[in-house]
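Chains as they are written, first to last, in UniProt numbering: chain W, 1 to 446; chain C, 1 to 490.
Think of the hints as simulated: they come from the structure by calculation, not from any bench.
What you are looking at is a predicted structure, and each value in this text was computed from that prediction instead of being measured.
Note that the Cβ used here is the ideal one computed from N, Cα and C, for glycine as well.
Any given hint could be a false lead.
Pairs of lysine-lysine, DSSO-like flavour, derived with a Cα cap of 27 Å [to be verified]:
(1) C:Lys-484 x C:Lys-388
(2) W:Lys-319 x C:Lys-383
(3) W:Lys-319 x C:Lys-388
(4) W:Lys-164 x C:Lys-298
(5) C:Lys-484 x W:Lys-39
(6) W:Lys-336 x W:Lys-319
(7) C:Lys-484 x W:Lys-319
Covered stretches of chain W, as calculated for chain C (at least 3 residues, CB under 8 Å) [stated by the list, open to error]:
(8) 73-85
(9) 431-445
One-sided and incomplete, this derived list gives chain C residues near chain W with beta-carbon spacing under 7 Å [stated by the list, open to error]:
(10) His-35
(11) Ile-215
(12) Ala-281
(13) Ile-310
(14) Phe-315
(15) Ser-444
(16) Leu-446
(17) Thr-471
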Amino acid sequence: MTDATSTPGSATPRAHKATSLLTVDERTRRRNASEGRFKTYGIVAIAIALFFLVVLVVAILRSGLPAFTATVADVEITITQEEFDAAEGELFKTKAYEQLFIGKLQRQLSENGMQVEFDAAAIERIMGKVGGDIREFYRANPAQLGEPVSFQLSASSRVDGYFKGRVTREALQDSRFLQLSDLDLVDALEEAGIIRQSFNWTFIQGADSGVDNPGGAGIGASVVGSFFMMLVVLFLSLPIGVAASIYLEEFAPQNRWTDMIEVNISNLAAVPSIVFGILGLAVFIQFMHLPQSAPLVGGLVLTLMTLPTIIISTRASLKAVPPSIRDAALGVGASKMQAVFHHVLPLAMPGILTGTIIGLAQALGETAPLLLIGMVGFVARGYPDGIVSGFVDPNSAMPAQIYTWAARADAAFYEKAWGGIIILLLFLMTMNFIAIVLRRRFERRW
Amino acid sequence: MPIFWLVLIVLAIGAAGYVAGRRRALASAGGDSRHLHSLPSYYGSNVAIKAVVPAFLLMIVWLLVQPLYVSNTVSGMLPQSAIPDNSSRGLVMAEVRRAAEGMNNAVAQGLMSEEFAGNARADVADVTQRLKDAGQIVTSQVTQPILRAAQRYRVMNSTGGQMMTIAVLVLSVLGSLWGLRESQAEYRARNIVERSIRALLVGAASIAVLTTLGIVLSLVFNTVEFFRLYPATDFFFGLNWAPSFSGRGGSSDLGILPLLWGTFYISLVALVVAVPIGLFAAIYLSEYASPRIRSFAKPLLEVLAGIPTIVYGLFALLTVGPLLLGVFGDEGLGIMQAGTAVMTAGLVLGIMLIPFVSSLSDDIINAVPQAMRDGSYGLGATKSETIKQVVLPAALPGIVGAILLAASRAIGETMIVVLGAGAAARLSLNPFEAMTTVTAKIVSQLTGDADFASPEALVAFALGMTLFVITLGLNIFALYIVRKYREQYE
Numbered sequence: 001m002t003d004a005t006s007t008p009g010s011a012t013p014r015a016h017k018a019t020s021l022l023t024v025d026e027r028t029r030r031r032n033a034s035e036g037r038f039k040t041y042g043i044v045a046i047a048i049a050l051f052f053l054v055v056l057v058v059a060i061l062r063s064g065l066p067a068f069t070a071t072v073a074d075v076e077i078t079i080t081q082e083e084f085d086a087a088e089g090e091l092f093k094t095k096a097y098e099q100l101f102i103g104k105l106q107r108q109l110s111e112n113g114m115q116v117e118f119d120a121a122a123i124e125r126i127m128g129k130v131g132g133d134i135r136e137f138y139r140a141n142p143a144q145l146g147e148p149v150s151f152q153l154s155a156s157s158r159v160d161g162y163f164k165g166r167v168t169r170e171a172l173q174d175s176r177f178l179q180l181s182d183l184d185l186v187d188a189l190e191e192a193g194i195i196r197q198s199f200n201w202t203f204i205q206g207a208d209s210g211v212d213n214p215g216g217a218g219i220g221a222s223v224v225g226s227f228f229m230m231l232v233v234l235f236l237s238l239p240i241g242v243a244a245s246i247y248l249e250e251f252a253p254q255n256r257w258t259d260m261i262e263v264n265i266s267n268l269a270a271v272p273s274i275v276f277g278i279l280g281l282a283v284f285i286q287f288m289h290l291p292q293s294a295p296l297v298g299g300l301v302l303t304l305m306t307l308p309t310i311i312i313s314t315r316a317s318l319k320a321v322p323p324s325i326r327d328a329a330l331g332v333g334a335s336k337m338q339a340v341f342h343h344v345l346p347l348a349m350p351g352i353l354t355g356t357i358i359g360l361a362q363a364l365g366e367t368a369p370l371l372l373i374g375m376v377g378f379v380a381r382g383y384p385d386g387i388v389s390g391f392v393d394p395n396s397a398m399p400a401q402i403y404t405w406a407a408r409a410d411a412a413f414y415e416k417a418w419g420g421i422i423i424l425l426l427f428l429m430t431m432n433f434i435a436i437v438l439r440r441r442f443e444r445r446w
Numbered sequence: 001m002p003i004f005w006l007v008l009i010v011l012a013i014g015a016a017g018y019v020a021g022r023r024r025a026l027a028s029a030g031g032d033s034r035h036l037h038s039l040p041s042y043y044g045s046n047v048a049i050k051a052v053v054p055a056f057l058l059m060i061v062w063l064l065v066q067p068l069y070v071s072n073t074v075s076g077m078l079p080q081s082a083i084p085d086n087s088s089r090g091l092v093m094a095e096v097r098r099a100a101e102g103m104n105n106a107v108a109q110g111l112m113s114e115e116f117a118g119n120a121r122a123d124v125a126d127v128t129q130r131l132k133d134a135g136q137i138v139t140s141q142v143t144q145p146i147l148r149a150a151q152r153y154r155v156m157n158s159t160g161g162q163m164m165t166i167a168v169l170v171l172s173v174l175g176s177l178w179g180l181r182e183s184q185a186e187y188r189a190r191n192i193v194e195r196s197i198r199a200l201l202v203g204a205a206s207i208a209v210l211t212t213l214g215i216v217l218s219l220v221f222n223t224v225e226f227f228r229l230y231p232a233t234d235f236f237f238g239l240n241w242a243p244s245f246s247g248r249g250g251s252s253d254l255g256i257l258p259l260l261w262g263t264f265y266i267s268l269v270a271l272v273v274a275v276p277i278g279l280f281a282a283i284y285l286s287e288y289a290s291p292r293i294r295s296f297a298k299p300l301l302e303v304l305a306g307i308p309t310i311v312y313g314l315f316a317l318l319t320v321g322p323l324l325l326g327v328f329g330d331e332g333l334g335i336m337q338a339g340t341a342v343m344t345a346g347l348v349l350g351i352m353l354i355p356f357v358s359s360l361s362d363d364i365i366n367a368v369p370q371a372m373r374d375g376s377y378g379l380g381a382t383k384s385e386t387i388k389q390v391v392l393p394a395a396l397p398g399i400v401g402a403i404l405l406a407a408s409r410a411i412g413e414t415m416i417v418v419l420g421a422g423a424a425a426r427l428s429l430n431p432f433e434a435m436t437t438v439t440a441k442i443v444s445q446l447t448g449d450a451d452f453a454s455p456e457a458l459v460a461f462a463l464g465m466t467l468f469v470i471t472l473g474l475n476i477f478a479l480y481i482v483r484k485y486r487e488q489y490e
């Protein structure tokens, strides 16, 4: 308020009107408004970021949860010895079983007071080749003949899509895979309680299926692949990472070599993951001739990728152990090595484990390098036979399996991909939860 | 003998050595550990280290050198006439390796006797037929010289394996005997053991350097190989990307410019999304937010950073793409043909980078000394004026560094662009068109059964090299800026 002290009467070029502290002048209002605007930008920015998070979560849940249910048809039928013999005597055996099945189904429907016309082709479109399944069963279990047997038949992926809203009546106007009349039958079967939704165990336990069979696709085999890979990462990156951190934090002299290691570690932390894939391809497969698509190689690549993360967090937790601990140990006659291994390391362990788990979680979600070393989804065709086979036989990993499903043309696989993401995120959430609990319970503040 | 068993046996020798060394040292002191120089366990460890470490080192070196030596010898055996005109020595060697592997499997399955597989006068057609019966993949290109080479390859590998087993076991036993001899009361076992542990620690720390070296070497060798098959000027200045997998060489156009353009365009869109949102979020969280809001919003933002990129990729492909198509597609503005486009990938990539930008900027803004803010408030500035005119200019170098790091992340990101950006390499300005990036093409050129001799597969290494150089340059530059200007306030 320098204006106030200047000589009254002399007209300064930028003279303000006499103002009161109680009324807000134009300039202050402008400044306050701009203050408010600026603050709003910040709130909006955070709101946008959180909005994206919500959209992402909603999209995952909405599209992924249907993958956990499957549409199945429960049909209880009884086939007598005579019927079996008669069917075995025919030329088209599975056809005969199908006719038997249709007959029983029609009777079951009419008992419920429903009258629907359908033929073998419609059943085939809805439930696949039923006759073959039934014949297989009775040939394997002839003792069951004459007794009521409950068959659980999985519906085709289009019927599944109809229940989940993916397939609409409009879209089926002129489809040869599923006709409108079939949907009437499906509706009737649902009303009779024959077709229903049940939990999809195939998706949890199964392996990848062919491109034409989205219903049979499961993530189980690639979960096992991921598990073996994580074992390799854990058993290599934890000891190596801890050893490297101990050296750099406790023993390393200040020299060129130490500097070079430090620079290398911080650079490796920022190298794109796909470059590690190229490294794995060139060194482990091209040069060392390790088997392609093996979880062992995937584990090695991910180990190299997670090492910088683990080293950085381990060094932080070693640094957090106060020097007085080391001094006390050295004071009672321990060697430097004993002081570190007997006293500093155990105290830093919770922090190290937390960092390791977070590093593992990162590795678990990584996809790109795995594609380069051949761990694509379609190699995950079954479970490994044993422990060694789990490491060296071709398998996939969860994220790579999800990618393979996402890249397929049939939209029914998209649902599986989203479902796979839910499983992947459940694993990641569990790991992060364990890390947080470890930190809360065991971390000491000095 | 499988390597697994060899490892177990060496470890067993080490364990036995530990027990024996400990006992021998104690006996030499008359059973009283106070007369020993070191604790008894150090004598045991000394023996175990001497039994295990040299043996394992020898095994690793042997495993690395033997394939190279065998390949070179066998490859030298192949006459020039055995190599077809349109092929190379490397391709023929791959054939040899496959044939040898096939014979190994056939012998393991009992479909072929050991003598038959090694029979130098065996008929090619007969062997091929038997291999096919055994379910092995054999091409018609197996000729007499290739068969001879494959047989030689097998013999050399199996004798090499036997020699390695013997050498490793002998070394392990010798090492433990040496260690046992040393286990006397006055021997300074602790010093030796601690020195070896220290060497192990140095070795572990050097793995970071080795990894970088491995990356550089694998990229350089294959890139040089690629430039031998495909001219470097065409690669760096070519405007067309059209690889063909049918023809070998010549018929493919492998210009990197459309890929680089796609990469930079998508990264630019991502930064336009991520930088304002991330920066304002960081400013709000560090300057305005109450501790309660901060403790709630910051972890939620970090959840975005913890989500795997494959999830974002799927989100781009199946959620954002169709959404954008609805607005800008034929039913809307009519400027977008398909869901996969620069905009789709860029937007989702931007969402992924928000927490990255905001947490880095948050740290940097917090590092600006409080005294500077107080000085500004003291002069009567409002909070926003202080931020705009004092805090941000002071933090600017750090923020630029953070943006550069985010750019390097965007350039190196793979899954989002593979799924969200499309596969067509294009030089276009329309952000609603599909384009592709360097990383996406690395994946598509190397996925599947590529042999490493065609320029179409090798180009991936040249692309990887370009990517590595660009991201490394950005990282080093960013760290340099951050480091240089941070010191001013400390």
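Structure-based check of all given hints:
no.: 1; hint: C:Lys-484 x C:Lys-388; in the structure: holds, 22 Å
no.: 2; hint: W:Lys-319 x C:Lys-383; in the structure: violated, 36 Å
no.: 3; hint: W:Lys-319 x C:Lys-388; in the structure: violated, 36 Å
no.: 4; hint: W:Lys-164 x C:Lys-298; in the structure: violated, 36 Å
no.: 5; hint: C:Lys-484 x W:Lys-39; in the structure: violated, 31 Å
no.: 6; hint: W:Lys-336 x W:Lys-319; in the structure: holds, 16 Å
no.: 7; hint: C:Lys-484 x W:Lys-319; in the structure: holds, 24 Å
no.: 8; hint: 73-85; in the structure: violated (count 0)
no.: 9; hint: 431-445; in the structure: violated (count 1)
no.: 10; hint: His-35; in the structure: violated, 17 Å
no.: 11; hint: Ile-215; in the structure: holds, 5 Å
no.: 12; hint: Ala-281; in the structure: holds, 4 Å
no.: 13; hint: Ile-310; in the structure: holds, 4 Å
no.: 14; hint: Phe-315; in the structure: holds, 6 Å
no.: 15; hint: Ser-444; in the structure: violated, 9 Å
no.: 16; hint: Leu-446; in the structure: holds, 5 Å
no.: 17; hint: Thr-471; in the structure: holds, 6 Å
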